[in-house]
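Here is how the chains run, residue by residue.
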Amino acid sequence: MDLVQLQRQLVEYRTSLYHEGFLDAQFTQLQELQDENNPDFVVEVVSLFFEDSERLLNELTTALEQQSVDFKRVDAHVHQLKGSSSSIGAQRVQKVCIAFRNYCEEKNVEGCLKCLQQVKHEYSLVKTKLESMFQLEQQILSAGGSIPM
Amino acid sequence: MAEKSFETTSQVCCSTGSESLPILASPMESPLRKVLSRISGFVPSWGKKTAPPGRRIFHRDVEQDEFQNGTAHCLSSYYSVFVARLAIMVMLAILIGLLTVLTWHFTRVYTTKSLNTLAYGLRYELLQRPILRMWNILNSTSEITTAQVKLSEYVIRRYSKPTNQAEQIEQLYQMMKDITWALFASRKALNAITINYRNGFVQAFHRDHRSNNTFYIYSDLANYSISDTGSYDNKSQSSRQGWNDQFIHGNVSAIWYRQPLDPLTGEKIGKSSQIPPEDLINIAGPSQVPDGVASWHVAVSKYTDSPLLSAALPVWDASNKSIVAVVGVTTALYSVGQLMKELVEVHSGYIYLTSQEGYLLATSTNTPLLNNTAKGPKLMMAANSEDRVIRMGAQWLQKTYGNKFPPGHVVHVEKANLGGQHYYIDSFFLNLKRLPIVGVIIIPRKYIMGKVEERALKTLVILISASVCILAIGCVCILILTNGVSKEMKLRAELISHLDARRRAEASSNYKSQFLANMSHELRTPMAAVIGLLDILICDDCLTNEQYAMVTQIRKCSTALLRLLNNILDLSKVESGKLVLEEAEFDLGRELEGLVDMFSVQCINHNVETVLDLSDDIPKVVRGDSARVVQVFANLISNSIKFTTSGHIILRGWCENPNVSSDSGKFSPDQKKPMSALKTKLKHGNHMKKVSKKDNKMILWFEVDDTGCGIDPSKWESVFESFEQADPSTTRTHGGTGLGLCIVRTLVNKMGGEIKVVKKNGQGTLMRLFLLLSTPADGLEQQRQIDFAKHSVAVILALHGSMGRLIMSKWLSKNGVPTLEASEWNELTQILRELFHARTTNSGFDTHYSLAKPLRSKVQTLQDMKKLVYIIVVDLGLLDLSTEIWKEQLNFLDKFSGQVKFAWMLNHDTSNAIKMELRKKGHILMVNKPLYKAKMLHILEAVIKESYVEPQNRSPNGTKGTSKQGDSHECLEIDSTQFETCSSDDSDISEMTGANSVSSVGIREQLKEGTILKSGPPTLRNCLVEFTRLGLEVNNLRTEEDQCNGRPKFHDTKDVKCENPNSSEQPLVRSNVKDRDNSYTTNKAASEQKSLEGLRLLLAEDTPVLQRVATIMLEKMGAVVVAVGDGAQAVEALNCELDGDENRTNRLQTEICDSPPYDLILMDCQMPMMDGYEATKAIRKSEERTGWHVPIVALTAHAMSSDKEKCLKVGMDAYLTKPIDYKLMVSTILSLTKRSTKG
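Protein sequences, first through last, are from chains A and S.
Residue numbering for the first sequence follows the UniProt record's numbering, beginning at 1 and increasing consecutively.
Residue numbering for the second sequence follows the UniProt record's numbering, beginning at 1 and increasing consecutively.
Calculated directly from the structure, the hints in this document are not laboratory data.
Among the clues, some could well be false.
Pairs of lysine-lysine, DSS-like flavour, derived with a Cα cap of 25 Å [unchecked claim]:
hint	chain 1	residue 1	chain 2	residue 2
1	S	1223	S	556
2	S	1209	A	72
3	A	72	S	1204
Taking the hints into account, I'd like the entire structure generated from these sequences.
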């Protein structure tokens, strides 16, 4: 593929991610932090996020399957998830987390389960989006081009 | 007695009734009328249910409008109230009725009972007496009869001897006559005594009661013989016909004589006359005693109109075998009737006696007792009596009982209806042998019970009326009571609903504010992105000029939009109560100076002069929210600038200590009002009071005075409302949303102050406000004033702006510095010439200007003073810059350079050429334009200092200093541009502050430290960075001495005139420098700055992602970051380092042991194992033994200010919210590390 086309595609894709609310300014900051010293910073942080989130989501799932739900624990997990998602700029995950925490405060199991599904959904969405974006970037890099900011 | 008691009770009833009624009537009148009207109001509404009666009737006196919406609600409640009232009334009615009836009943029953008993006794007594009389009569009659019989027996026995029969008989009769007379005479009541002998001879005495005559009646003796036994036998055998009345009457052969007698003596008083047998009285014959026993019967005679009671007894002969004669005694029953009449006269009523058969024997009336028939008078039946009552009574008795009388014939009837009237009827039976008698008494009920019943009726009426009255009153009371209660209830319900509504309204307003806050936050983020992207775009080189211009335009618009959003956010923050003012010390004067500097740039474009006039008593350092204070003035000044096209804007400030109660009258009298308002406010808020006691609360007064278009007095209040402008039409010309003043007012109020528009002389607006700021407890140190007088300086102010010049000269002369003023070039030359005329030669400039008198005299006095150091503050605007003349003017001034020092006031756009020229000429004192005290002070100080060091340093430093000065001016220029970028870029509210601090830094730097900068504009940044780093190094490694001096080493050779007046200012300045630096670096994200170089940071964060991001962020800025996963690890790491420090101490210089292992800790609040709060507490605890204070910055996702409180409470120093804002984090870290190094 043409390099320029790829680059444009990446830019468009990224813009659409911003536009659709998957990412926010925080992600931009992340990208700004990436430099020669940390060439894979964004990917590193995002994969950290994926690991952490998957762990948290698993724990949340088990926690909510319990007979008596320990809402404090759930809340702590959701809080962590919220923190990490907000720091990579995964805005939509973060928003669902906020709703999730509200349900936790109300001790509403059904609401929590619903939110858990939503979080999972949002998470998988943002994961695929980011992954495809990274793929694009990789393609560009392998083609010898530079990633447009 | 019963009657009496009854009477008294009834009297009481009467009296109470009659008394209470009029009393009650008068106060009850109006409520009664009300009730009546209300009832009348009910009726139609009752009829047509559609009408809301509740509204019309109940709330007549309450405002109807209020209840308009609650009508339906009222209706139902009204019905329930009505039902409740009805129930209460009915119960009351029943109670009162019951009471009345019971009272009446018991009274009546008791009375009636006792009365009846009495009446019965009376009746019995009344009846008893005639019967007794009757009994007496009977007795006496029988006694007499018996006596007569005995006497007769005796007489007959005596004369029964057959000897001389004729004579004997004569004697016998004579004897009998005497005896009988004696008996007869002794008994006046007797009607007659008769003796009927066996032979038919009859002797009788008769008393005619009517004529009061007494007669002796006898039959002819010739035909009879006493001893005629045969005839006697015969007679006895034929007694059936012989001894009856017919026999006697039919004894035609016998001749009856009647002889009147003297009633007293019995002497014959007339001749005996023959009488027909019809005139005979009843003579008892043997027929009446058929069995030889006494007999009784009632007879009638034609001589009396009353029945006669006659008794008959036989007289037996000696052998007691045959009846010799029959004695009959008749007594008139007249006396009984008499007695009855007497009785009845006393007591009313009727009494009568009848025989068992019902024949009347005696009555209490005068009606005849006998029937006059053809066969002579006959006894009458009681039922046929002529007296109506008796007749009816007898008939009633007969009808009721018939022949079946109750045993003993005793009847007591209490209420017999006789002819429409009620009577008591009592009968009594006297069972005499052969003559049973029945006595009946009829007493009209009216006589005994009449009064009673009448009274009872009256009492009943009174009772009923009284109870009705009570009932009515009770009902009215209930109505009034329930009305009041229901009204109150209704009002309460109203109140509750109002409160509810208010709460809801407040909540909704809160929602609105929250929504606004959220919205503006949401809006701000994309705006920031837009601006950032635009900045990137502007940096792009490939833009055409046109595109560049457009993008710049967009950039400007975006900035404006962002500012608007910020305003809205501010407002909604305040409204939703989320705005928390911080309490920090700050230099008020410096902040305001910076503000004026900033706005003066704008003002110069507007041809408006900005003047800062702060009085000397304003404390240098105050506690408060500097950003907000600055925001207040920034808004006010920008507002003024917006509406001022020419003239000046003055920001005045003075101070008033509320603890020092009254003032010296320095201020206008209208100031008293806000003062009192403040006092009430202070009194009002308990908290405030406490604070003002504890702290040194100061009232700082400020005025923003402009010469703009002014505000209409009617709008003075409303301009502070949201989205309000004094003149709506101005929006078009001036723009703006009208939020500025609103924010100002809310902020001022929040700081315990007030703002208002004050009437001012002349054109323009005068806003006056006061703020309640506390000064630090120890911070009341008086502003150090240099005694300028002893330095013998004089200042010539050659400035354009008249206001600023005036104020400055006033202040200078107050401080003992003589001043001269010049507003234009010619004036200046004139003054100069006057001052130095001896030494000056005219260089061709016109001299025909002569100074005004006062000025001349001033000049004269100045001339008299020797050895003055003159400072001429020259506005560059005085020179004619449009042509080349200014160079000549400069040359002219240069002539005086030996005697005077020049300080040049530059415009912000003064061209470099001019500056270069000035520098070439050796004019090194240059300041940017708005001249205020601090700047003046620095000029003076610099001059004084220079005048001291000049002799030594002049030759080596002359040129060098100049060139450095030039650099500083370059720097200044850059500053101002940079400030613009910076301020627009700053997305937070701190925009103004940031800008302000930067600009003030710029100026300050120029004054104090600018000379250190060696390189030109492009390398400035690096220089600054370098400087920062150097500064840090200095702080960390340099000796104490250096820090105290506040003069880094490399200053001293170059900086001759910049002796820092306050050494304490140094760190602050430096931090400012760094702030600026940071904000700059964030502008250009790609820049390679290392603002955190050398800092060792500990990051406690459990989320790996965040940990990584933050680490990279910090490392990129050159900080050394140690990241740990939770609070416990953080504490451990710190302690570890502490221990490790011990070892290192020996290796490194001794200086290092003074500082803690980490310069700063970034602490996530919510972490597993040990959260940030706990960790902070632990760290602070362990620090107690070392005496360090490692700054701890909280990182939290909780964005509420309560969390901030919590963070600060546990000992954290600052507070950052996630996601981490790059710039904010850096500035926070820097300010904290600064503080710590300073301490």
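*Mind checking the alpha carbons of residue 72 (chain A) and residue 1204 (chain S) for me, to see if they're no more than 25 Å apart?*
Holds, at roughly 22 Å.
*Pairwise hint evaluation, residue 72 (chain A) against residue 1209 (chain S), where the allowed Cα distance is 25 Å at most*: At roughly 24 Å apart (the allowed maximum being 25 Å), residue 72 (chain A) and residue 1209 (chain S) satisfy the hint.
*Satisfaction of hint between residue 556 (chain S) and residue 1223 (chain S), Cα-Cα up to 25 Å*: OK: residue 1223 (chain S) and residue 556 (chain S) at ~22 Å, within 25 Å.
Going down the numbered hints, you'll see the structure goes against none, and every one checks out.
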